[in-house]
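**Q** Read off the chains here:
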Amino acid sequence: NAGVTQTPKFRVLKTGQSMTLLCAQDMNHEYMYWYRQDPGMGLRLIHYSVGEGTTAKGEVPDGYNVSRLKKQNFLLGLESAAPSQTSVYFCASSRTQTGQPQHFGDGTRLSIL
Amino acid sequence: AQSVTQLGSHVSVSEGALVLLRCNYSSSVPPYLFWYVQYPNQGLQLLLKYTSAATLVKGINGFEAEFKKSETSFHLTKPSAHMSDAAEYFCAVTSSGYSTLTFGKGTMLLVSP
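Chains as they are written, first to last, in the working numbering: chain A, 1 to 113; chain B, 114 to 226.
I should point out that these hints are in silico values taken from the structure, not numbers from a laboratory. Honestly, I wouldn't trust all of these hints.
To be verified - Selected chain A positions facing chain B (in silico; Cβ < 7 Å):
| hint | residue |
| --- | --- |
| 1 | L22 |
| 2 | P39 |
| 3 | L45 |
| 4 | P101 |
| 5 | G105 |
| 6 | G107 |
What the hints assert, rightly or not - Cut-off 30 Å, straight-line C-alpha distance, at most; resulting in silico cross-link-like pairs (BS3-like, lysine-lysine):
| hint | chain 1 | residue 1 | chain 2 | residue 2 |
| --- | --- | --- | --- | --- |
| 7 | A | K57 | B | K218 |
| 8 | B | K181 | A | K14 |
| 9 | B | K182 | B | K218 |
| 10 | B | K181 | B | K171 |
| 11 | B | K182 | B | K171 |
| 12 | A | K57 | B | K171 |
| 13 | B | K181 | A | K9 |
| 14 | B | K162 | B | K218 |
| 15 | B | K181 | B | K218 |
| 16 | B | K162 | B | K182 |
| 17 | A | K71 | A | K9 |
| 18 | B | K171 | B | K218 |
| 19 | A | K57 | A | K9 |
| 20 | A | K57 | A | K70 |
| 21 | B | K182 | A | K71 |
| 22 | A | K9 | B | K182 |
| 23 | A | K71 | A | K57 |
| 24 | B | K162 | B | K181 |
The beta carbon of each residue, even a glycine, is placed where N, CA and C say it ideally should be.
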């Protein structure tokens with residue numbers, strides 16, 4: 001049982017390049033989330049999805065796009081990477097009922113030069 | 114609106130000493146509260162959750178937390194710290210009608226021999 005799997009684990013980009021981070025979950029969860037973690041800032045929600053084909057903005061959505069074409073996958077895209085997007089990115093998923101915990105992947109460390 | 118405040122970005126204890134990590138929340142409706150732990154270079158793992166069933170919640174690894182509505186607090190405790198408890202701990206809140214979690218900024222627990 002893999003849980004939540006994030007690909008890749010590490011990546012270095014140059015300013016202006018684009019890339020896509022992939023999140024896959026095998027728990028049949030409806031809800032999926034993308035966070036970024038920066039020192040002293042805790043976790044900040046970028047975008048989330050409450051079901052296949054749906055997406056919504058979180059606290060810090062600017063510069064990112066997402067897609068949820070399949071229930072098990074949630075993609076995070078950076079169209080034109082900026083140094084301010086250097087961070088550790090976490091994906092999470094959960095069931096729909098209120099109060100259900102979120103299950104996290106191991107993160108993607110992204111550096112923008 | 115919801116918010117979480119974790120008092121102290123770093124807490125240092127000696128091995129065998131009491132661990133107390135503080136969390137205060139703000140929510141206009143009855144909350145669901147969570148504590149997560151993050152070990153270096155890993156994702157977040159659920160320690161315990163409060164969902165109104167009992168005010169004293171027991172979690173994994175000997176941790177527990179008590180929900181105090183009058184104090185809007187959900188402090189995390191462990192009677193005797195182990196070296197393996199050194200990690201970052203996050204408190205989070207959600208409530209009915211919300212599909213997202215609001216995280217505190219985290220508290221790094223340092224355990225010395």
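**Q** Now tell me, hint by hint, if it's right for this structure.
**A** Status of the hints after comparison with the structure:
1. L22: Violated: closest Cβ of chain B sits about 15 Å from L22 (chain A), beyond 7 Å.
2. P39: violated, 10 Å
3. L45: With Cβ-Cβ at 6 Å, under 7 Å, it holds.
4. P101: holds, 5 Å
5. G105: holds, 5 Å
6. G107: Cβ of G107 (chain A) sits 6 Å from chain B, so the hint holds.
7. A:K57 / B:K218: Holds - the C-alpha atoms of K218 (chain B) and K57 (chain A) are around 20 Å apart, at most 30 Å.
8. B:K181 / A:K14: Violated, at about 49 Å.
9. B:K182 / B:K218: Given pair K182 (chain B), K218 (chain B) holds - Cα atoms ~21 Å apart, limit 30 Å.
10. B:K181 / B:K171: Between K181 (chain B) and K171 (chain B) the Cα gap is close to 15 Å, so the pair holds against 30 Å.
11. B:K182 / B:K171: holds, 18 Å
12. A:K57 / B:K171: violated, 34 Å
13. B:K181 / A:K9: violated, 39 Å
14. B:K162 / B:K218: With a Cα-Cα distance of about 18 Å, the restraint between K162 (chain B) and K218 (chain B) holds, given a limit of 30 Å.
15. B:K181 / B:K218: Distance ~21 Å between K181 (chain B) and K218 (chain B) Cα, so the pair holds.
16. B:K162 / B:K182: holds, 15 Å
17. A:K71 / A:K9: Roughly 22 Å between the alpha carbons, so the hint for K71 (chain A) and K9 (chain A) holds.
18. B:K171 / B:K218: Between K171 (chain B) and K218 (chain B) the Cα gap is close to 23 Å, so the pair holds against 30 Å.
19. A:K57 / A:K9: Distance of about 24 Å is within 30 Å: holds.
20. A:K57 / A:K70: holds, 18 Å
21. B:K182 / A:K71: violated, 37 Å
22. A:K9 / B:K182: violated, 40 Å
23. A:K71 / A:K57: Roughly 18 Å separates the two Cα atoms, so the pair holds.
24. B:K162 / B:K181: holds, 14 Å
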